[in-house]
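Peer 1: For the protein sequence lines, the chains are A and B, in the order given.
Heads up: the first sequence begins at 1 in my numbering, then just goes up one per residue.
Heads up: the second sequence begins at 1001 in my numbering, then just goes up one per residue.
These are computed hints drawn from the structure, not numbers from a lab.
Careful, some of the hints might be misleading.
Computed list of lysine-lysine pairs in DSS-like fashion (alpha-carbon distance at most 27 Å, straight line) [to be verified]:
#, chain 1, residue 1, chain 2, residue 2
1, A, K150, A, K122
2, A, K150, B, K1012
3, B, K1150, A, K12
4, A, K203, A, K165
5, B, K1165, B, K1122
6, A, K165, B, K1012
7, B, K1165, B, K1012
8, B, K1122, B, K1146
9, A, K150, B, K1122
10, A, K12, A, K165
Protein chains: 2
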Amino acid sequence: MSEVITPTSRTKLRRSPGRGNFDRATIYRILDEAFVCHVGFTVDNHPFVIPTGYARVGDRLLIHGSSASRMLRALAGEAEVCVTVTLIDGLVLARSAFHHSMNYRSVVILGQATVVNGEREKLRALRAFSEHVVPGRWQEVRRPSKDELKATLILSLPLTEASAKIRTGAPVDDEADYALEVWAGVIPLRLAVGVPVDDPRLKDDVGVPRYVSNYRRD
Amino acid sequence: MSEVITPTSRTKLRRSPGRGNFDRATIYRILDEAFVCHVGFTVDNHPFVIPTGYARVGDRLLIHGSSASRMLRALAGEAEVCVTVTLIDGLVLARSAFHHSMNYRSVVILGQATVVNGEREKLRALRAFSEHVVPGRWQEVRRPSKDELKATLILSLPLTEASAKIRTGAPVDDEADYALEVWAGVIPLRLAVGVPVDDPRLKDDVGVPRYVSNYRRD
């Protein structure tokens, strides 16, 4: 795949084009740091947006869920889909209300999803989900049974029509407003990891594994 | 408005109905804690999902952006819209790959947005955005000019067709799997606030206001 994803009329930014980014490595870094996406699809002419987990495998994005899921069944018919991933990095406080903003990194992917079939392919996809969210987990857990694989629907979306949008740094005020006696700057935000909570039925001799106690996203 | 929002065929959960919640207070608490939503809409039969800020004012959700925004212009024509708000509270690690999950609180709102017109109404909405994201900020900043108000499009969505979906607590494993020597539990996640970063052009005598240094969401 080429290092730059070709912009289309649907992914090109009309406003603030400086925030647009079609660099494949940049897009993939955002997809690899986040783990929740918002999936947009249409049912009976009405748009729906559902949050769900995902994993990137090469040049494809995988999403999964129950075979009974309305969303996944709607998408499995080669329906058009939009998958959006957003990381919020900070609140940008300008001297004027109008120029307040946020620092963020987002990716929008457009296309048609296809169903992942075959036990081996589905198992590989489930391993990718697991390793994307909690690297190191897969080797410890009980693997999916045949029935569990059957109950899982996995969709695959090519990363061919996609774009990132990124804002970083300080506020940008109107020149005259820099004279105002108002604090301006950025409140940084990030996803913080708390102390792991043992399951109430955890066996006495099982300690917290290192991939859990050292867990972080960035 | 009634204390419970009436479920519709579009908001009723078909799977895991125990996670569904139509209690207005519960839905509003989630909307008031988060500040970024994902807006789903349809253009030329293709779904789009765009992240943006919002505020709740009474029984309405307000979103705003540039009058030049594709999204806002598409929605201003009384188009159908889906607005989804998601808070991720933790990673749920079960003993089997299949039962891994996340703790989360999400709200899905369906409906038609209308444009907020009139300078006074628009100003009130912008104040609500500001106070929703950074309470205390509005009284300090330069208020929007007439031209800035003109450049801002504000949409209002009634909170009449909406539902929350919530998962909390420990993993739920198959009974046989509780015998496995595998750590299970929850990795808590939350939005953390960093140390405020002064704007490089900040005047020397302006300190960080308390509503910034004490900033938190929950």
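Peer 1: The structure should be examined with respect to each hint, and the outcome stated for every one.
Peer 2: Hint-by-hint comparison with the structure:
no. : hint              : in the structure
1   : A:K150 x A:K122   : holds, 9 Å
2   : A:K150 x B:K1012  : holds, 25 Å
3   : B:K1150 x A:K12   : holds, 25 Å
4   : A:K203 x A:K165   : violated, 46 Å
5   : B:K1165 x B:K1122 : violated, 31 Å
6   : A:K165 x B:K1012  : violated, 33 Å
7   : B:K1165 x B:K1012 : holds, 10 Å
8   : B:K1122 x B:K1146 : holds, 10 Å
9   : A:K150 x B:K1122  : violated, 52 Å
10  : A:K12 x A:K165    : holds, 10 Å
Violation of the numbered hints given earlier is confined to hints 4, 5, 6, 9; the remaining hints are satisfied by the structure.
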